[in-house]
Every structure is written in C-alpha cells, then in structure tokens.
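Engineer: Chain residues, written in single-letter form:
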Amino acid sequence: MDHQAIIHKVCGMYCDNEEDKKDLFQEILINLWKSYPSFRGDSTFTTWMYRVSLNLAFQRLRKTAKNMEQVMLPTTFDTMKSSGKEGLPNREKQQMYAAIEKLNEVEKAIVMLYLEEKGNEEIAKIIGISQNYVRVKMTRIRRKLKQIVEE
Amino acid sequence: MELETMKTIWKKESEEHFQNNQIEQEKIQSLMKSKSQMTFAKIKRSMQFKSGTAGIIGTGALILAAFYFFGVIKEPLSVAPFLSVMETGVILFLMGLILCVTAVANLLSYNRVKQFEQSSKPLKKMLSESVTILRNIISLGIYSDAIFVPVFSGFIAYKWLFNDGLVSDIRLFYLVLIVSAAAVLSYVIASRFMYQKHGGNLEKLRGYLKELDSNNGIPVN
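Chains E and X, in that order, give the protein sequences. Going by our numbering, the first sequence wraps up at 151, each residue one higher than the last. Going by our numbering, the second sequence wraps up at 372, each residue one higher than the last.
Simulated from the structure, these hints should not be mistaken for laboratory data. Certain hints may be false.
[What the hints assert, rightly or not] As a list, the in silico DSS-like pairs of lysine-lysine whose alpha-carbon atoms are at most 30 Å apart: (1) Lys-310(X) with Lys-186(X); (2) Lys-225(X) with Lys-102(E); (3) Lys-108(E) with Lys-355(X); (4) Lys-162(X) with Lys-118(E); (5) Lys-276(X) with Lys-195(X); (6) Lys-178(X) with Lys-193(X).
Note that the coordinates shown come from a computational prediction; the quantities given were computed from them, not determined experimentally.
This is chain E alone, in the form it adopts within the complex (with noise of 0.2 Å):
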C-alpha cells in the first residue's frame, strides 16, 4: 500500500486549491509523525493513516494559506479531475469527479474510503458509526450519485 497516496488523495478529496492542499498536507505529515508512537497496533496502519488524516481534514474548517513557503507538489487528485489521460474516457472520469464534488464532506470521506476498497468493517472503524449505519449511509449516497447523474 502506497502510505503517501492516502494524504495525497484525502487532500485532493477535500482541498479546492493547491495553497490549501500544501497546507493539510503539511499537517497530516507533521501529526502522523508526532502521533505515530501513539500507534499501539490495534488497527492496520492504514487505518490510523486514515483516521488521523480525515480528522485534520475535518478540523481544517477554512481555507486560508496565505503564508506557506512555495514547495510544489507532484501531480495529485487535483489535476486528475483535469487531466485527459489516455487509458481512461475523460468524460467518465469528469462524471465521477463532478459527482463526488456534490457530496457533502462526511459522505466524500464514506465513499472514499469505499472506491479504497475498504470493507464495511473498516470504514465504521474509521468514521466512528457502526457497521448497519455505514450500510445506511452508503445507501443514500448510492441514490445520491444516482440523483446526480440524471441531472
């Protein structure tokens, strides 16, 4: 498992704009280091990763980066939502990316989590609900794409 891809996609997940993206992205990677002899085992380390980097994506609350020192960083989720790579119809992925924009910030981290491949288990470990209401929530979010689409 690629552990710098988590940060990179819960950052493209929940950042507009590259400013605020280096910012989070900065705070995940200094918390995961200060937190991470905190980390006693008893989930996966991907678990942890996820659960450590959505909770700073939720108290991130406002988008202000003003201040940060310019370091760029490589290609990510953000450019993915523009970019036309060949392999892949662009107008599925626009779909997919315009879909996911409509969510709220809880149901971006559900369904994340879910095209991760992360099985009901670990996604309600990870959020904090349980397993039946995961299944809820995925319910709804199903109609929701649905809804969206047809729009």
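Let chain E serve as the given structure and place chain X on it in line with the hints.
Structural biologist: Frame of chain E; chain X shown alone:
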C-alpha cells in the same frame, strides 16, 4: 454512475497518478518546517502568545504589587497618581492575578488542543471532542477578555464615589450597579466577538456531527 464503475475509474486513476508521484524527502522536511494556516494551528499559536504575554505581564504585576505592599515602593504609579500606594498595590495584585489565571487557562487549553490534534480516534468521536474544545476556547476567550472591564471600572467608580473611604450608603448600590453593567456589557461584546471569530467553525463541526448521527435523516427501505 454506479459506485462500482467509480471504483474501477478510481483504481485506475490511483495507479496512474500516485505511484509515480512521490514527494522527495527534502520537500517533506521543508513542508514540515513551514507555518500551518489551519484553524486549530492558528488557535494554538494565539493561545501560546496569550499564555506567554499574560504570564510575563501578570508575574511582573504581582511582583510590583508585592513591592507596594511591603513598602519597597512608596510612590503611586505615574500613570495613576490619584491612587494611594495601597490602592496601587491592590489594583496591580488584581491585574496580576487575572493575567496569571488567564495564562494558566490558555496553557491548559493549548495542551488539550495539541493532544487532540494528534488523536487517531474515529472521526465521529473527534468531531464531538472538537465541538467541546471549540466551545471551551470560546468561553475562555469571552471570560478572559471580559473580566478586566468590570474590575477596572469598579475600581475607578469606587475611587470616584468614595473619596472618604468605603461607607455603606446609596453609593454602594451605585458601585454594584456600575460593576454589574460593565460586566454584562463586556460579556455581550466579548461573546459577539468570539462567536464572530469561531461561531461559523463551531456550526460547521456540529453540522458534520449531525450528519454522522444515526438518528438523523431518512430511514432506508
């Protein structure tokens, strides 16, 4: 679009974009050194500053008050020559005490936010904690900003009303009235200021939490 289709697209995209786009060690180090602009990081910095300045000024005021009480300094402060030596000592002591309490409260809150930031608890629990922490930060901000006004206005009013020393008459009622009015007014102003600053964030966090509440929303067929 079905979620299963999205999963295929997502997987393909991840393979194409993330595996060949690793950030180098130096860039990571550089990122870790830069100043964060995140809400809680800003709150933490502000608390650190408040705690430091309030602690230094408060300790200074307490030392100065002790000098006045023990007769080391026998002249009132040049900025308030109308106060007696004992009154100067009392007002400095009160100011020092309030500032030191503010410094300690900010330091405790700072440590709590720091611990909370590194938490790897599930999202819902973290959101619930962040609502509590933000509410405490708002309360701390309100009380630490609002407490000075009634204390100082009370002192000035006392000086103005009781030139001949404290007597139990109608003036005492006026003094209580002035202090109460100052307390209410400063509380209202400080509350408004703090809610303007953090109220939006608090509502946002409550919104996320509500979204994760299983009793909220339409039941599934």
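Engineer: Hey, Lys-276(X) versus Lys-195(X), does the alpha-carbon distance stay inside 30 Å?
Structural biologist: 21 Å, holds
Engineer: Is the hinted pair Lys-310(X) and Lys-186(X) satisfied, with a Cα-Cα distance of at most 30 Å?
Structural biologist: Given that 30 Å is the threshold and the Cα spacing comes to 47 Å, the pair is violated.
Engineer: Lys-108(E) and Lys-355(X) were given as a pair; does the straight-line alpha-carbon distance stay at or below 30 Å?
Structural biologist: 15 Å, holds
Engineer: Does Lys-178(X) pair with Lys-193(X) here, judged by a C-alpha cut-off of 30 Å?
Structural biologist: 23 Å, holds
Engineer: Has the given pair, Lys-225(X) with Lys-102(E), been kept, meaning a C-alpha gap of at most 30 Å?
Structural biologist: Roughly 71 Å between the alpha carbons, so the hint for Lys-225(X) and Lys-102(E) is violated.
Engineer: Are the Cα atoms of Lys-162(X) and Lys-118(E) separated by 30 Å or less?
Structural biologist: 12 Å, holds
Hints 1 and 2, counting from the list given before, are not met by this structure.
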